[in-house]
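Engineer: So you can see what is in the structure, the chains are spelled out below.
2 protein chains.
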Amino acid sequence: MTRTRLTLYDTTLRDGQQTQGVQFSTAEKQRIAEMLDTLGVDYIEGGWPGANPTDSAFFDAAPRTRATITAFGMTKRAGRSAANDDVLAAVMNAGTSAVCLVGKAHDFHVERALGITLAENTQNIASSIQHLVSEGREALLDAEHFFDGYKANPGYALEVCRAALDAGARWIVLCDTNGGTLPAEIGRITAEVIAAGIPGDRLGIHTHNDTENAVAGALAAVDAGARQIQGTLNGLGERCGNASLTTLIPTLLLKEPYANRYETGVTLEALQNLSRVSRKLDDILNRVPQRQAAYVGASAFAHKAGLHASAILKDPSTYEHIDPALVGNARIIPMSNQAGQSNLRRRLAEAGIEVAPNDPALALILDQIKEREAEGYTYDSAQASFELLARRALGTLPDFFEVKRYKVTVERRKNKHDRMVSLSEAVVVVKVDGEKKLSVSESMDDTGSDRGPVNALSKALAKDLGRYQSAIDDMRLVDFKVRITQGGTEAVTRVIIDSEDGQGNRWSTVGVSANIVDASFDALLDAINWKLLQDA
Amino acid sequence: MTRTRLTLYDTTLRDGQQTQGVQFSTAEKQRIAEMLDTLGVDYIEGGWPGANPTDSAFFDAAPRTRATITAFGMTKRAGRSAANDDVLAAVMNAGTSAVCLVGKAHDFHVERALGITLAENTQNIASSIQHLVSEGREALLDAEHFFDGYKANPGYALEVCRAALDAGARWIVLCDTNGGTLPAEIGRITAEVIAAGIPGDRLGIHTHNDTENAVAGALAAVDAGARQIQGTLNGLGERCGNASLTTLIPTLLLKEPYANRYETGVTLEALQNLSRVSRKLDDILNRVPQRQAAYVGASAFAHKAGLHASAILKDPSTYEHIDPALVGNARIIPMSNQAGQSNLRRRLAEAGIEVAPNDPALALILDQIKEREAEGYTYDSAQASFELLARRALGTLPDFFEVKRYKVTVERRKNKHDRMVSLSEAVVVVKVDGEKKLSVSESMDDTGSDRGPVNALSKALAKDLGRYQSAIDDMRLVDFKVRITQGGTEAVTRVIIDSEDGQGNRWSTVGVSANIVDASFDALLDAINWKLLQDA
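Heads up: the sequence lines are chains A and B, in that order.
Per my numbering, the very first residue in the first sequence carries number 1; after that it's consecutive.
Per my numbering, the very first residue in the second sequence carries number 1001; after that it's consecutive.
Bound-form chain A, shown alone (with noise of 0.2 angstroms):
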């Protein structure tokens, strides 16, 4: 049976950046979209060439992709011609192969936004899609408010549409810019743009999350005959977001009639990227990640309902509608029961350490972990630190080296020159083989510049650990990730330490205290901790 290819078209990057609180760096943005071509997305928005330094920069250095990096702008501006359109010719100097511009559809908003007449903004439409093409470049028009403009003014939005397809659009994209537009309406109104002559082939969809029906509505377009989807990973975007790529990918490859009768160019072996993806984007954007998120959120394959996890040990199917190793999620069954005991073993072994079935260090294991997540830890994103929990609990951990106490401090105040200047100095005292040891250190990095108290405190800690010195000494601090959250009544601050030593080896660890200092010394701890380990 022959699949009909279906076009991705990615906008985490332009649409995506419309989130509120969202910033991406040019050097984010390169990162994005390598993640993005391992998925096998065909179209990567880049951002809009000239709004902003970030996007111009991005496109100065894009990375080399198999997926089509696009620049977005807009239709060039009345009463100048497409090549005499500085905004237009910002977006063309990013030497784009593909160029998506945004037109109006919708009368109401071509006379009251742009102030322009019907005839005037089809004509700007027209020739900007026109310059694209003369130019070689291939044209995308997102055609903006084009289902709220086809309810108003059915022969106008048509007629956009019809303007950018002779004028040599590859691809009209109907746009539900405000995301009001119901599934159902959706459906019928891209059938209704297919049997007015615009082919399915050229078409694509782009819809919002307004009313929680972004991808839903996305499918409704597909049903209908639309043959490219814009959306963004995690949902990003204006307002309630874009629909999810994260959502549409799995469904349009694992669920009927879509894996079926439909092909993409993501490829199942891509496709168990999928949850480590969305879970890397919300490290880049440092958001706690959705853990309700359909297919890859933490919570996707839970299950907490006691008839539902007794079912599930007999058979998954039973409460799974697909196997989540198919986007490299995992099931998680309540740690109480016997299944917990069973997923630990398993999660431990993964950690070369072998415990037998019926230890009773596995209760005990899975008490503490329970009791230190309700305390604000988590081990999910802490292999290091529930590993030495884990030994801890086993006995099977060296006492390598003891702290006695430390003092950290922090300062700010003028120098000789009148300007305000901040350093902190820590002094850390260990036991190593009996023998006690003095270490300080401040925070000033050789640039000369301050960075703060845990990384002086950090570097005290690694002066000198005696016979351990050698093992510690390629080890660095490469992440440091902070969050306020519950410990119990009280709002605690959470650390997540990302270290690295010289081999490439990388791991992660937590401390959590109302004091962030503190929070910050256990996860460096523990990072130490596990290096020695390694080397033990």
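None of these hints come from the bench; they were simulated from the model.
To give an idea of the chain B side of the interface with chain A (calculated C-beta under 7 angstroms), a few residues:
hint, residue
1, Gln1020
2, Ala1113
3, Thr1211
4, Glu1212
5, Ala1305
6, Asp1450
7, Arg1451
8, Lys1481
9, Val1517
10, Asp1518
From the three backbone atoms N, C-alpha and C, an ideal C-beta is built for every residue, glycine too.
Following the hints, put chain B in place on chain A, whose structure we already have.
Structural biologist: Below, chain B alone, put in the same frame as chain A:
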């Protein structure tokens, strides 16, 4: 025109409690039931009497509501009569006028999970429903796995529904228990069930969000003729959650074709409480509200894109599908480097700062915001810091006081009981009205717990500000958010502090530095300056 009545069935207190990490207390269940009742849902499923002490206690002292408080349970087990099943007896003993029992409608589950014959299962369901009816209760059947069951064996799935109907069930609820059925299929199957003779006004729909289609699935069933919708507040529920009533209610009341065609027990007046109810539930659960939630999220009407923001200023309907006030939410035009001057002027005007359209200060302020956002600041969520920045640029910010220096010490050491304890101490030196003032505070709270260096600093800073002291006496720090972000080439810490005063004002300020204590200090300073400005 007569509207058809749709029935809303809330299961926040039962299926919502299956959310990972959610564990209601009896008092919380009572508060939530009261919130649901002010909204106007028809049924409130309170839990499973007998399954756990909390649920039993809730029914013992259930609040008086307009809505029908409903007990949940399962149909009787094989090998005993309904009257002699102790699990069912516990459900009946809750004494509710309505009882909802779950029974399996999928042959695979009957045989695989229950290990009984199909005929026995049908018989268990029929006699359980008969038992409820004979005891004078309104009976509902949650037909578990109905859609998967219908796809595998439509005859048996329908047999279960008919048996319940014939036994006197008021409602047969078609459950997509595993959340894997897509909306189009839910619509088709619901229509087939009605065509097979089960009347639509006896049918309910219960969907889950495993493909992000719970809301769309519920709407598809209503389109096909089902007349009861089950869901939860904020979409709580097992795995990815249930259909969100927080989304479905405004969709049914405000969006076509639903608003014209149907009515519910929720009035337009009650709808204005929706955002408050949603946030109150998050408060009870101690969850961070989802900014991007449809209708009720803080970002649901936030217009970040420059083009959108300027059109919104002309006419809000250009980029809003409904008026946010209808659901008790509010429009936000965030500051960001994508915002234009008109956006900025509007934002300033809202803060009581009038600036002429072509004032050169506007460009200066935008430049400063751009520059600081590149350093890692964000003004989207720190309105008070934005106002201070603007006033500084306009030369209208008084110098209330000057910080000469500060010093914070964080120490961890053994106390006299040989236990490790931490304590922080902060010294702040300020100059007010030419007078130098030294203040010192430590981080211990009333309970003797260490709250860390930022707490100590905050207390020292607010300890003695001379003639400004009375203005800040009722100020308190209510939230503290920390993110590691990119400032230029270096990772920096961004701290956002939420403060509150005795009049219930709440404001947010931001600080950025590689040094977390410095970043916090700057955010604290802004918080105090903003407060002094209000009282000046």
